[in-house]
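**Student:** Sequence:
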Amino acid sequence: MKTVREQTAVVRQVLQREEAAGHAHEADCLRSVLITLARHEAPQSQPAAELPEGLSLYKQFEAQYRIFHQRETGLTAKMDGSEGKALKAIIEYLKQNSRAGNDAGALAGWSYVLDNWEHLTDFLKQQTSLKAINKYLAEIIGLIKKANTKLVPIKPDPAVARKRQRLLSDLDEARNTLAFLTNLEPYANQAAHISGAKQRVTDIETELNQLA
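Quick note, the working numbering runs 4 ahead of the 1-based positions in the sequence shown.
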């Protein structure tokens, strides 16, 4: 995870590009993030249980997402009504499921998700839109927690580990197949094929959940 100073440098770089492109809304969001980072870097920073006054929680979420999207895809995030609706759902979910149960806890959870993206499967790493993140959020958080949890050393069962790896690979392939079929031009038996692909994804997910 990047230090506050490193995060500030990245935000400033993205802010310069957005200002040069004339994207006023995006630049405003990024300036809000710089204010937040500056408060955290200061010797007497604001308590973690509180958010800086005057900063919209939605705007802070959006700004962090724009930085993440630029980092992962090399492209500027495109926000529209459906993406905004998904972001609001993400905020509510993280607020309800954070330990603090407040805005600060939700924002910390959002940073935790975006800063640990490398722990996801190949399929989930590609799901960088807010609609996709919202759809798979519970699974994303679960994978990150598993990757970051340090357990008492226990000799793993090689057979179970191999099966889990195979199922994760199968799940990625099944999801990619489903996405491919869904995006094809209409053809005979398409609905049946999509239904079969969905069932395949469900079956693999069920088998994964049943592993010890």
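No lab work stands behind these hints, which were simulated from the structure alone.
Some hints could be false.
Below, in silico cross-link-like pairs of lysine to any residue (SDA-like), each with a Cα-Cα straight-line distance of 25 Å or less [what the hints assert, rightly or not]: (1) Lys139 x His73; (2) Lys99 x Pro162; (3) Lys129 x Ala13; (4) Lys135 x Ile145.
Using C-beta positions, here's what the derived DEER-type ranges look like [what the hints assert, rightly or not]: (5) Asn101 x Gln214: 20 to 28 Å; (6) Gly85 x Ser199: 40 to 48 Å; (7) Gln100 x Ile198: 30 to 38 Å; (8) Lys82 x Asn180: 18 to 26 Å.
Keep in mind the model is a prediction, meaning the values are calculated, not measured.
Even glycine gets a Cβ: it sits at the ideal position worked out from N, Cα and C.
**Student:** Compare the structure with each hint and give your call.
**Tutor:** So, going through the hints one by one against the coordinates:
no.: 1; hint: Lys139 x His73; verdict: holds (17 Å)
no.: 2; hint: Lys99 x Pro162; verdict: violated (38 Å)
no.: 3; hint: Lys129 x Ala13; verdict: holds (24 Å)
no.: 4; hint: Lys135 x Ile145; verdict: holds (15 Å)
no.: 5; hint: Asn101 x Gln214: 20 to 28 Å; verdict: holds (24 Å)
no.: 6; hint: Gly85 x Ser199: 40 to 48 Å; verdict: violated (29 Å)
no.: 7; hint: Gln100 x Ile198: 30 to 38 Å; verdict: holds (32 Å)
no.: 8; hint: Lys82 x Asn180: 18 to 26 Å; verdict: holds (23 Å)
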